[in-house]
Amino acid sequence: MKNRLKVLRAERDWTQARLAEALDVSRQTVNAIEKGKFDPSLPLAFKASRLFGLPIEEIFQYDD
Amino acid sequence: MNSATSDSGGIAARTRQNTLRLAWWTAAWVISLAIAVFGPEFVWDSKGISLVAILVNVAAGIGMILANKRHLDGLDELQRKIQLDAMGIALGVALVGGLAYSTLDITDVISADAEIAVLVMLIGLTYLVSVVVGQRKYR
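Here the protein sequences come in this chain order: A and B. Numbered by my numbering, the letters in the first sequence go through residues 1 to 64 in order. Numbered by my numbering, the letters in the second sequence go through residues 1 to 139 in order.
I should point out that these hints are in silico values taken from the structure, not numbers from a laboratory. One or more hints might be untrue.
[Said to hold, decoys possible] One side only, chain A facing chain B, incomplete, derived with CB under 7 Å:
| no. | residue |
| --- | --- |
| 1 | ASP24 |
| 2 | VAL25 |
| 3 | SER26 |
| 4 | THR29 |
| 5 | ALA32 |
| 6 | LYS37 |
| 7 | PHE38 |
| 8 | ASP39 |
| 9 | SER41 |
[Said to hold, decoys possible] When the alpha-carbon atoms are kept at most 30 Å apart in a straight line, the in silico BS3-like pairs for lysine-lysine are as follows:
| no. | chain 1 | residue 1 | chain 2 | residue 2 |
| --- | --- | --- | --- | --- |
| 10 | B | LYS81 | B | LYS69 |
| 11 | A | LYS47 | B | LYS81 |
| 12 | A | LYS6 | A | LYS37 |
| 13 | B | LYS137 | A | LYS2 |
| 14 | A | LYS47 | A | LYS2 |
| 15 | A | LYS6 | B | LYS137 |
| 16 | A | LYS6 | A | LYS35 |
| 17 | B | LYS81 | A | LYS2 |
| 18 | A | LYS6 | B | LYS81 |
| 19 | B | LYS81 | A | LYS35 |
| 20 | A | LYS47 | A | LYS6 |
Note that CB positions come from ideal geometry on N, CA and C, so glycine has one too.
If we strip away everything but chain B, and leave its shape as in the complex, we get (with noise of 0.2 Å):
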């Protein structure tokens, strides 16, 4: 049925395996963007230093969807259906609340610049949400 991913005892072993190694990647790519960001201000002042930096962090990026693609491929249809819809809701949530918070500082409707970093939040928050609510609802 999932030939891919059957490879290494039942589905609550694999599953725990590829979400630790989701872990660590996710770790990696947060704790080397970290350092791309604030080394140049409390570490060095080279951009040629910031370059590799961030190039580390984006190695990083890729090795976490990596191992995010391969812990959906390893969950059941189930789980795998709760994961979809959480991500359905959170790319909605993203994209409706992202520009939604993008016009209200164009239109100097807050006073303040809209940061990425709000949006990131307002995602996994959602996710995390959508997530949660799913697991109950299936359980």
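Excised from the complex, chain A in its bound form (with noise of 0.2 Å):
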């Protein structure tokens, strides 16, 4: 699955320790998400949505 959350984040000058903080995972989640070794769940994925103010779709993409 890819992601838009290394841009997201950049576009906010947010470092990951502050989107880890702001999503309640470790840094090491938020690194493993960005780099496409982990995807998040629904919940997780559901509150990144609601932090940006977009919908899941517009940050994670299924990748076929």
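Join the two chains, each given in its own frame, into one complex according to the hints.
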């Protein structure tokens, strides 16, 4: 699964640590999601969606 | 998302607190086990005292199990996955390795008796290595 977390974070000038704190996950988890090593659960994806004020599909795209 | 565990600051502080609690309970369990095992040998000569020591050890063990559960509940989903993977591998190694080790003893391929302590060490080391590998994988 691809995602735009890194871009969205950069647009807001947030560090991984700050995003991790906002999502209540570890910085390692944010890093792993950004690098595509780990796919977040649906609740975490919704949390990111709410945080960035964007629909989930604008943040996460399923990679066929 | 994880309301049962989001009660005390950020995840880092929460994990640190839960890990410390788990370490204390683990230390209590190990010390109480040592007392229960070596007490009859060096300190007392009473089955009643041994029974009390074993009950204290079991109580500490229950505390350790609950602290471990709380520790796992406090982790985020990636950390929990790393722990789950490690536990799965450790369980598999314990099952396969433990039974193979026991069979070596039963069939007299090895001269020494199979000791449960060897299995416990194998599980511990497998779990430790698996967690380290998991942490590096998602770094």
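Would you check the hint for LYS47 of chain A and LYS2 of chain A, treating anything up to 30 Å between C-alpha atoms as holding?
holds (17 Å)
LYS137 of chain B and LYS2 of chain A were given as a pair; does the straight-line alpha-carbon distance stay at or below 30 Å?
Between LYS137 of chain B and LYS2 of chain A the Cα gap is close to 18 Å, so the pair holds against 30 Å.
The hint names THR29 of chain A as touching chain B; please verify it with the least Cβ-Cβ distance against 7 Å.
holds (4 Å)
Holds or violated: are the alpha carbons of LYS6 of chain A and LYS81 of chain B at most 30 Å from each other?
holds (22 Å)
Restraint satisfaction for ASP24 of chain A [CB to CB of chain B, less than 7 Å]:
holds (6 Å)
Going straight from one Cα to the other, do LYS6 of chain A and LYS137 of chain B come out at no more than 30 Å?
holds (19 Å)
Return the status of the interface hint for ASP39 of chain A: holds when the least beta-carbon distance to chain B is below 7 Å, violated otherwise.
It is violated, given that the least Cβ distance between ASP39 of chain A and chain B is near 10 Å, above 7 Å.
Go through the hint on SER26 of chain A and say holds or violated, using the shortest Cβ distance to chain B against 7 Å.
Since chain B brings a Cβ to about 5 Å from SER26 of chain A, closer than 7 Å, the hint holds.
30 Å Cα cutoff - pair LYS81 of chain B, LYS2 of chain A:
The hint holds at about 20 Å.
Hint check: LYS6 of chain A vs LYS37 of chain A, CA-CA at most 30 Å. Holds or violated?
It holds: about 14 Å lies between the C-alpha atoms, which stays within 30 Å.
Taken at face value, is the distance from the CA of LYS35 of chain A to the CA of LYS6 of chain A at most 30 Å?
Cα-Cα ~9 Å, so holds.
PHE38 of chain A was flagged as interface toward chain B. Is the shortest Cβ-Cβ separation under 7 Å?
holds (5 Å)
Going through the hint list in order, the structure does not satisfy hint 8, though it satisfies all others.
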